[in-house]
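*Asks:* Listed below, chain by chain, are the residues.
There are 2 protein chains.
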Amino acid sequence: MSEFSVVGKSVTRLGVRELVTGEAKYSIDAKLPGMLHGKILRSPHPHARILSVDTSKAEKVPGVKAVVTSRDVSGVPQTVYSPQIPPLADGIVRYVGEPVAAVAAVDEYTATEALDLIKVEYEELPAVFDPEEAMKPGAPKIHNAENNIGIRCGLTRGDSEKGFAEADFIAEGRFITPPQNHVCMEPANCMASFDASGRLTIHSQQTSIFWARSDVARVMNMQENQVRVIQSPTAGGHFGSGNSTPRRHFIASFLAKKTLRPVKIVNTREEEFISVYPMMPVVLEMKIGVKKDGTLIAKQTKVIGDSGAYFSVIALSMLSVAMMRHESLYRFNNVKTEAFLVFTNRVPTCSMRGFGNQTGHFALESLMDQLAEGIDMDPAEIRLKNAIKTGDTSIHGWVIRSGGLTECIQKSVKSADWKRKRTAGKSEGTKKRGIGMGSAIHVAGMKIADQSWGCGALVKINDDGTANLLLGEGDCGQGARTVLAQICAEELGIPYEHVWASLADTDFAPYCAGPLSSRTTATAGNAVKLAASDARRQLVEAAAKKLGVPADSLEIKDQKIYARNNPGLSVSYAEAAMSPDYRPIMGRGTFIPPQPGMDLKTWYGDCATACSFTNQIAEVEVDTETGVVKLLKYTGAYDLGRAINPIAAEGQAEGGVSFAMGYAMTENLEPVKGHVVGTQFTDYKVPTMLDMPEIKPILVETDDPACPFGAKGLGEIVGVPTAPAIANAIYNAVGVRIKELPITPEKVLRALQEKAKS
Amino acid sequence: MSEFSVVGKSVTRLGVRELVTGEAKYSIDAKLPGMLHGKILRSPHPHARILSVDTSKAEKVPGVKAVVTSRDVSGVPQTVYSPQIPPLADGIVRYVGEPVAAVAAVDEYTATEALDLIKVEYEELPAVFDPEEAMKPGAPKIHNAENNIGIRCGLTRGDSEKGFAEADFIAEGRFITPPQNHVCMEPANCMASFDASGRLTIHSQQTSIFWARSDVARVMNMQENQVRVIQSPTAGGHFGSGNSTPRRHFIASFLAKKTLRPVKIVNTREEEFISVYPMMPVVLEMKIGVKKDGTLIAKQTKVIGDSGAYFSVIALSMLSVAMMRHESLYRFNNVKTEAFLVFTNRVPTCSMRGFGNQTGHFALESLMDQLAEGIDMDPAEIRLKNAIKTGDTSIHGWVIRSGGLTECIQKSVKSADWKRKRTAGKSEGTKKRGIGMGSAIHVAGMKIADQSWGCGALVKINDDGTANLLLGEGDCGQGARTVLAQICAEELGIPYEHVWASLADTDFAPYCAGPLSSRTTATAGNAVKLAASDARRQLVEAAAKKLGVPADSLEIKDQKIYARNNPGLSVSYAEAAMSPDYRPIMGRGTFIPPQPGMDLKTWYGDCATACSFTNQIAEVEVDTETGVVKLLKYTGAYDLGRAINPIAAEGQAEGGVSFAMGYAMTENLEPVKGHVVGTQFTDYKVPTMLDMPEIKPILVETDDPACPFGAKGLGEIVGVPTAPAIANAIYNAVGVRIKELPITPEKVLRALQEKAKS
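One line per chain: the protein sequences are B and U, in this order. With our numbering, letter number 286 in the first sequence gets 341, and the count goes up by one each step, no holes. With our numbering, letter number 438 in the second sequence gets 493, and the count goes up by one each step, no holes.
Same shape as in the complex, but just chain B (with noise of 0.2 Å):
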């Protein structure tokens, strides 16, 4: 029997009635009076200088009620997390999609129209389009940058060169990952709306709401306290998108400042492949070397992220995940590291669900199988060698405090049958069978050294006992407030169904940055236990102080705070809640993690409140004659700590496979002379049902010492190892290896045609 009432088990989702009636309010659903609609042009081409805007017949068109250029905006504030990037283009153009003016209309139709009428001059500028390009001398400069890098940084740690000149086997690649799109089912879209007393309200789909509201009110030259960033009750698709704030916010607030009424914007699907933030693509040269008994000894890695056309610091932040978050997953000694985030005429690049970790996995999971041909040792054989586990600490100083790695591959090798069917004939006229596996890392809750990376919830005690817990914390789709009231409802000792969480809205919640880093369950879930712990210890003393007795001498069952000795004298919840000596009980946490975070200089330390495992096990079918990749079977084994809630941990798992199926095999958002081509769901594949495997997850907990019951995160990591197993069991049905994502049919089959002529 569990120790827990309500940790562990798959209670019904909140908000889940409004799923399946299809009475979910999702932010494109949110309406004012008066509200109009806006629109955005945005630059066809990639590198172009502004010569001059022509806005007049656009205003004269019926129904449009402003029309906004850089004019309009020139000068305003840097926002804090993407600081190079102005609300709209200032003089230059610096990527097709690039947002040049708006217009604010009456409807939809009228402003698409005044857009038409906008005239824009262009002088057309040199564009580069690669990242190498884009290093050479004498590429086109996109900004005051050398060689367009943005930043270079890197690290060594132990001696590489030497460890490699020990090594018996030595296998090396060059990796490339593509940008991927996050491909919401709702278009992004926000309003901005003004009070009468010059308060202005953001409705969108950011989860990172308090960010939104630094970003916002700095560009808007507003106080904090004067601006409301809410989120939408429902969110139709996140993956990391709603992390940093994108220009649409502040193009709606300048068009709603301009006209006094509520201004939304919402992109057409077009729009959401060019315009919107995807994953960073990246090119990762990657070298290990290793001993006969499989020891690893020495890595060496060149790590080129593709900032597109501006700096933000989640590219940054994604660039350093790369280049280093895998080496904490296996026992490195001697490691070598340099990475350059370099400026190209492509949309800039945003968080997304991975952060950047899936390249460095790719990378490392597709050697290892290298590797452990290289000295003939199986492949799960390799990874149990050097698995990192409980107690140590990483060679960038990641304290593990649970490390289910060895379980996880333990665990999925026997429940897929790893060994029988690795030997097993595999083939069947000219559909060859293969089984591969990739293992990853994956941080649940990150913190950088210096930065303030606290989060704070609230539990209010009602009357009759149940309780409202207060978050910021957007549920981008996962279910984190369902979740985060579990955790709540169990540590105050009450059902479930007695807990209401809150939605996120920067005015009443504490703060808390928002789904990412897989910091939901981790971090926010200490705050909310932390806050639920304080309003238990309330209610407790208030049930001491009317018995008469010790508050230590209490205990509490089914919502009764009774005496250890006496179970007869006791106080009810309600009681408890309503007693005159501490109405109203308000229980407040705030987890600030305690590890000292990484520091930016050296990239080393503890840093993560927690980590999470997987190993992953695919199992495909390569159609010789076509180069097409069926995906047959997945069976993956995540260490979360703690499955607060098992369905829905289930849940993202199998969404984790179709979301990374999407990104090995199909999903490209590869420009053509920096134009993105597939801007339809014709050309932009993703999996559909009919595309999954079987899906078989299995959950492995390890009980963090740092986290809520024990729980890490999983939102992520779900994701990470996929394209490299995907990729080890097309080895290993057919022999060819492909380092380039997406693995599409033209690349497997040019792949086995090359490997025939060899």
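These aren't lab readings, by the way, just hints derived from the structure by calculation. Please note: incorrect hints may appear among the correct ones.
Since the list gives no way to pick one copy over another, a pair counts as held whenever it fits inside one copy or between any two copies.
With a straight-line Cα cutoff of 16 Å, these simulated EDC-like cross-link-like pairs (lysine to aspartate or glutamate) come out [what the hints assert, rightly or not]: (1) Lys656 / Asp505; (2) Lys685 / Asp127; (3) Lys487 / Glu676.
Owing to the predicted nature of the structure, the values given are computational and were not obtained by experimental measurement.
Place chain U on chain B using the hints.
*Replies:* For chain U alone, coordinates are given in the frame of chain B:
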């Protein structure tokens, strides 16, 4: 120069631009998609048995979505605050206007049409409308209460009989005070809606939002975490009507539950007059003995409060206020009081500004003038002689921590040129001038022993050092949010403009009781001050850690925290707010009045956070030919402890004169055979701008030690002694004393005629 930066300044009221531009959103403006309109069928009889209700025709009207009768709501749990009153009359109607059934339809017209088609068969029962008649044997019985007496209570302190024996002069009288309608410009309304998950939201004018939530949750048999009550951003009047939860909230909730659509109910003005629970009508017999030197030596009082057709907690509280609160105004030693709460076939009563205290003061302050005349003393002198003072404990155990009555009398006397005007020539043809005064005490934050009267506040520090103040205190138009934001800003040491104060919403706000017993500034203000102080402490600790110095070596100025000995060493509030070791900074304030409270058995005990005092001087002109009384000038001195916002305080005083003038001279809901006759503004005469006298408010600051920055309450006391001041001025002008309110020209003329006869 003031010691304060924000307190004591007449800062601009929050939301004032909305008010003056007409953009303010009232409860009546709240709309939701699919909203239905509810209408209530009310009893045409003051007392009758319901034999049958036939809704079949009404249900068939196209556009009618639901009809509810007592069948739908029978046996639902009782409310906390009006336990006796069911949502719809169950079997028997007990007053004209009592809800019998209700309809929800697509528009108001359809709903009204359907009401006409509901056929109710009644068996009329004998009815009684006068509480003294109701107490007689053989009177019609309204409930199972002997002689229709709901509650009988009383108290004896000292020996009043002995006191009267020692008195040099005794004055006595029988005083009658009528019910008063709140006359909110916005008619009472509410909207109830269920979401797909079954959660219920109420939008209304209710200011005691948590009480409303408790009541609605009980009646609807729901958990409190499943019910949300939101007060509208702007109050279109309140005056106490939003404290207890009107039946329309439950009726709208049942209609919403039945239709699964939002249902809005808006009173007509006629419904306002017949069904909104008015202030309790009271009959008061009082006798006071005095020594020659002016010392009050004995007092006896009998109070009969007309509860109307039902009992409520509020009615009992008002009765207790009417019977005794005025006795803490002077140094009484021997008092005896008995009081009755009696049922009649009239609309039940509700809290209203002054809360019955004007009734007791009407009798007391009229008699004080009779006593002064009897011993040939100036009315000001007899009041000064007996005035309770700082440090006194009143006969009921009220501890006067700040008592500015003496100063109020002195200042108002001086300002009004009292002595000269009392004796100056006063007549001009048939128009006679007179001057009179009235004093009063009122609580600022009442506490009953063994009941919880705590209040919470939260202060969130934003990333730029501004603050969001979370409050559940409904602003009933008095400017509570503004004053509480000032207290927050003062305590935090930031400009007023840097604080945003929340609206009242049970989902997010800390618990509080709402605006009653003039508790907002004193009680909620204390909670706000505690919360701000807690936040400031955290800011200072964050700064100390950042600067590496002890927290107690730091001082604050202009949102900078600096070392006392080295002002160059400083951090800004914004920097402190972003501290990695403290963010998010959330200050929590829970104020629980430390007094023991009033014991309901003995009616004894220190029960107010503070007591406010006033002396008011009315100057009138009485036309002896018509009996018309014109109020010429009104001077009021108010001991409010501290004026947080002087212009708002003066506004309260001015509004109070208008409010009490109507009570004293024109407003009357007196029914004819149970039917209120004046149900339009043509009959129910509220003072207008043209009726207003010159008003001279004098703010007396006594700096109460138990209150935030010394500020007590002002909202209610302003109108408490207005009626006796006017009555005393009339007596001074023409020598007749009117003891029944309102003092209409008819009553004055009749008294003049009787005086001429005698």
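*Asks:* Next, verify each hint and record whether it holds.
*Replies:* Cross-check of the supplied hints:
In this assembly of identical chains, Lys656 and Asp505 lie within 16 Å of each other by CA distance solely inside one copy; the values are 12 Å within and 60 Å between copies. Proximity of Lys685 to Asp127 under the C-alpha cut-off of 16 Å is found in neither arrangement, the shortest distances being 52 Å within a copy and 59 Å between copies. When the C-alpha separation of Lys487 and Glu676 is checked against a cutoff of 16 Å, the pair qualifies only within one copy, where the shortest distance is 5 Å, while the shortest distance between copies is 109 Å.
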